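Take the sequences, apply the hints, and build the full model.
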Amino acid sequence: MDSPSVTPDIAPGSAVLGASSAGPAALPVLEVEGLCIEYETERGVLQAVRNVSLSVNRHESFGLVGESGSGKSTLAMGAIRYLAANGRVTAGSVRLNGVELLGLSDKELRSLWGASIGVVYQSPLGALNPSIQIGRQLAEVARLHLGMDRGAARQRVGEMLAKVAMPDPEAVMKRYPHQLSGGMLQRCVIAMALMTNPALLIMDEPTTALDVTTQAVVLDLVADLKREFDSAILYITHDLGVITKICERVGVMYAGEFMEQASLDALFHRPRHPYTLDLLGCVPRFETSPQKRSLVTIPGSIPRLDELPHGCIFSPRCGFVREACRAARPPLLEVEPDHRAACIRWEVVPPPAEYLREATESLDVVAPTAGKDVVLVEVDGSKTHFKGPARGLIPGRRTRRWIRAVDGVSLTVEEGQTLGIVGESGSGKTTLARAIIGLTPATDGDIRLRGRSLERSTGRRKRSVLKEIQMVFQNPDASLNPTRSVGDAIVRPLVLLGDLSREQARKRAEELLLSVSLPATYFDRLPNELSGGEKQRVAIARAFAADPELILCDEPISSLDVSVQGALMNLLMKLQAERRTSYVFISHDLSAVQHLSDTIAVVYLGLVMEIGHAVDVLTPPFHPYTEALLSAVPLADPDIKQTPVRLGGTVPSAMDVPSGCRFHPRCPRFLGDICVDQEPPWREGDAGHHIYCHIPLEELACLQAETLVLT
Amino acid sequence: MTRGGLRGGGHVPDLGRPIYYADGPDDRLLTTSGGDVSGSIQDGGVPEEQKPDADETPARRPGNRALYWRRLKRRPAAMFGTVIFLFFLFLAIFGPLIAPYDFDAQSAALRLKPPAIEHPFGTDQFGRDILSRIMVGARGIFLLGGIGTLLAVLIGTPIGLASGYAGGLLDEVIMRLLDVLLSFPSLLLALVLLAVVGPSNANLVLVVTLLYTPMIARVVRSMVLDLKTKEFVEAARVRGERRSYILFREVLPNSLPPLLVETSMRFSYSIFLVASLGFLGLGVQPPSPDWGLQINEARNFFALAPWTLLFPAGTIALLVIATSLMSDGLRQVMLPGVARK
Amino acid sequence: MLTFIVRRLGFVVLMVLLSSILIFWATQVLPGDIATMMLGRFASEEARQNLREELGLNKPVVTQYVTWLGDFVQGDWGYSISTRSEIRPLVMERLRNSAMLAGVAFAIFVPVGILLGLLAALRRNSWVDQTISVGSLAFIGLPEFVSGVVLISIFSIKLGWLPSQSAIEPSSGFVKAFPYLILPAITVALTTLAYVVRMTRSSTVDVLQTDYVRTANLKGLPPRRVLFTHVLRNSLLPTITVIAISVGWLIGGLIVTESVFSYPGLGRLVLFGVQRRDIPLIQATVLLIVVIYGIANLLADILYAVLNPRIRYT
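Residue numbers (the working numbering), protein chains in the order written: chain A, -5 to 705; chain B, 186 to 526; chain C, 734 to 1047.
Calculated pairs, BS3-like style, for lysine-lysine (alpha carbon to alpha carbon, straight line, at most 25 Å):
| hint | chain 1 | residue 1 | chain 2 | residue 2 |
| --- | --- | --- | --- | --- |
| 1 | A | K456 | A | K377 |
| 2 | A | K377 | B | K413 |
| 3 | A | K456 | B | K413 |
| 4 | A | K381 | B | K413 |
| 5 | C | K909 | C | K891 |
| 6 | A | K501 | A | K568 |
| 7 | C | K891 | B | K298 |
Derived by calculation from the structure, the hints in this document are not laboratory data. All of these numbers come straight from a predicted model, not from anything done at the bench.
Here it is in structure tokens:
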């Protein structure tokens, strides 16, 4: 993985789909029938998983999708009988290659764990013991289950690490987990899980903690290994996009039950359950046209486990509901061959494309008035450098390095429009936003609001300036003061920046609450009485309270469930259309950015790599980094064909910025010395489209014609 | 299958299987195994996403006070500690009024009388009523330790706030100076200071204050360091709040639970300290009776009159245990999941 | 690693230096006229003058401090005012006795504390855990003079198994002194034991909930192997720090305990100095204790760094 590679012909998604046809003859490896799992809590017994059945065949991977609280992890861990002390399986049967797991003794179970059952976890850093060398942790499995001695086990670990494409396995074996990157660690965990060629491999959100380019590499690897090893894979995820890359069959869970089970293709093209249909509509579609549509919203919220509705558990939120739905819980029935749905009205569920047209509306954002855009904010050569750790002992002679978080960024935000900033972790996108608002003062360059230079730090800006720029933060739990009421949070900026009296402010705050679709009665509530999505709505209301011209949104939806994400994106777009507020929308999620943005800036290691109107950035020519991002982003649409362009290595430290083009060590279109020695030129395309690359635009366009094809 | 089914021979039970608590700060089930860990995907728990577009607004979640009370009710040890503590507090206030005898009244005839109806805890070598001495002595311990601790909170909190919020050189200097005070074992520092300034009630209070100020300051500082990077503080900066407003309205209220817990722990140590100093002859000054000194003097008569020693010793033990149970309960109730340092 | 040690060492040296200034300031500058303080208000002016001469109080404060510190470092700890004897041999003898007592206490509370803490963590929320947790909480706040007299009343007076007083000969060897060490050592150990129990329990509970313990379990390792290879290695790290800090409590505990048992240790010497207001004796003993405490913390830091690969090279 050291060398960047382009392998245009092998599309892992399609290869995977082909393999599923070999299915019917295969015997199921894992069979779960009527499984029920309970937790005993202080609120009483909660039935987290109720009467679920599934089966996974050899060489097959079964995707378990669901939102928070759907019980997908509980199901997987309960099936292999690894539950918290207060959890228990109350009914059902789990067979692994015909062996009933629920009747096994603890000792028999432990002889299966690690041998016939491998598990890969969400956080690879957490999953490995921090104080034991990687090689020893992996060798443990070989010694325990394969009966190998120390030397043989070591050799086996080396082979396995080579199989997961680990560069220099010998060196890696001597490392401790904190010395490796997330992607490398996840490969170690995968190697550990596959060490014994287990019958069942459980992967619990294995790529959620990784950057999108690393995620793509790991997903490719899993797709490859699936062919080489015999394991049946149970793949748990909340991400519909990831499912399309890895799974042949999918089960959609909701509040502890399956709503639907189908092949990947059937699920995306012919969903037979309204919940699946809604989920598909919540996710932004990848579109290159400037015309925007809202997303599907699911009214209501996921029911609490102790207050499940009568009849169909989705009925209170369902758009196709009839009286009969509330009478009895519909069983999971086979509606077509190998396609089950728990809906009595499955026949009326429309195809997704048709449903999307009806359930969403086109948003008339400000008519694109090309050439008449009024510039609101100009960022001109902005740099933010931090002091790095000092080295050496003697005070006067210590060497100090600089962290170049933002290293000379220039861009503009137009009035009433959205600038999307996309980049992986460590790209400096958040630091840039914080420099604009003054929370982390820039160290060089200039930032202007309507032509007037801004003071670098918040503390030195006048209130009249502060009023114009507000921010919505990433973490909804930390965004509101836990000791102050929701009303306080919104009233304060109104009084301070809006010059309103307390009474006026209260009235205005209630209006703001309504405008973010919260009842005015929320005024007196404390933040811990709110859900994550509600907190973020309050944070949005607070940002709008000062009636600013610019709102910086720093990953405002990343920590929320997909359906909540969709609702918040709709809200942001609605408010923008009403108030002509400009947004800077920062995210690592290219799907969300493309959905919301008029202009997109792609940043890497403190510099803009490509900037331009969304349409131009999302169609060739691309900067090679944009190309890699577009190729890696897991789109929830099996009809889009992405050519795999994979990046090797990880984002370098901002203390060691590579020479020449800072992207050159990972660039899939690396030219040679010129990239190492010289900073690339800004190449200009149509209508303000700029690419920072040595390769001419025409050549890039030619090379990249196939990167992203909508079929 | 039952719960016990997973536990092997019972030698090493429950490795890595946390209990799911339904009383986390968000009132959601905390999970570390068998569920997704963080971010968008809390699984295996009660769904917490309540969408605002709901037909009906979701049920209001319980506030902090109700939550604390619910947790306290489940901890009998903490309840017990609190009740005993309140009883001693009552004694400290009203002890001299309700004590059956004058604590200082000596009587040759009544020397070393064993416990009886007239003198439930017996009498000491001077014929003084031990029960009365204990009841009156409560005030000294509470006053010295309590005032000292309170002063430490009053001084330590602003120091911690300033040091934590300002950061940089000021923070460095303040913290190093406080480290110096912390690099002495506390009883030793108390002894040295009392040796120099001489034992008196006022000096004792000052010593308690001096010893605990750095500890309070550190707790507050670490809270400030944690809170000042929180988004809600940044939101306050972005709307142009003054520094004093941020410190006292945004940061301080959120530091109160840990500060309260720390204060109650300090207070329970201060009882330990004042009693120990009393035993060493440097405690509460006469004429008030000092529990520690009572024990020290009673040691000579132990074989003859064990009650002279056992009742004061039992009283100290009871108060000290009750106070630690209470402060530990407070910690568990207000800061669940934070380990005691 | 070397950088780390040097930096920690520098920090400890700085702390000890600052502490020495505090000690010096508190004992020699703060009280005003030491001669009056030590000799009483009714001593003759001549006697006070002689004492000032003897203590070098006529020189500037900074000179006094530098001289005092220099002498201390070189091993010249001066003469005790109350016993009129050289301080160093006296302190060294008492230090040896206290070290014996502390050694026995360590041998009790470290293993017992860790064992009980582990037991409580592994049986979390069972009655064993409840008992250990509440018990340790109770002992944390119990002053040594209370537990000391209770132990004496049971084991010496009621049962007659062990001596109630431990006024051993100054030069007794360890074996000869051992029976006299048991009760005071248990007394000192009780409080500290409780801290070790609580810290071990809470860090073990934390480690048991980590993902890597889940990984170890799902590898199919036997529970015992999970405990010894994966849990203890990480959960005992914080306990090391607690044991270092416990040296501080131990010293405080020794002052009281040695006084309860009339044991001729350093703690009682400090108390003696304090009661007699013997400034040179107080200065020497307190500074020595601060140095010992500093070294204990330094050793713990280094040990922690050695055992924890995550901070080895910082």
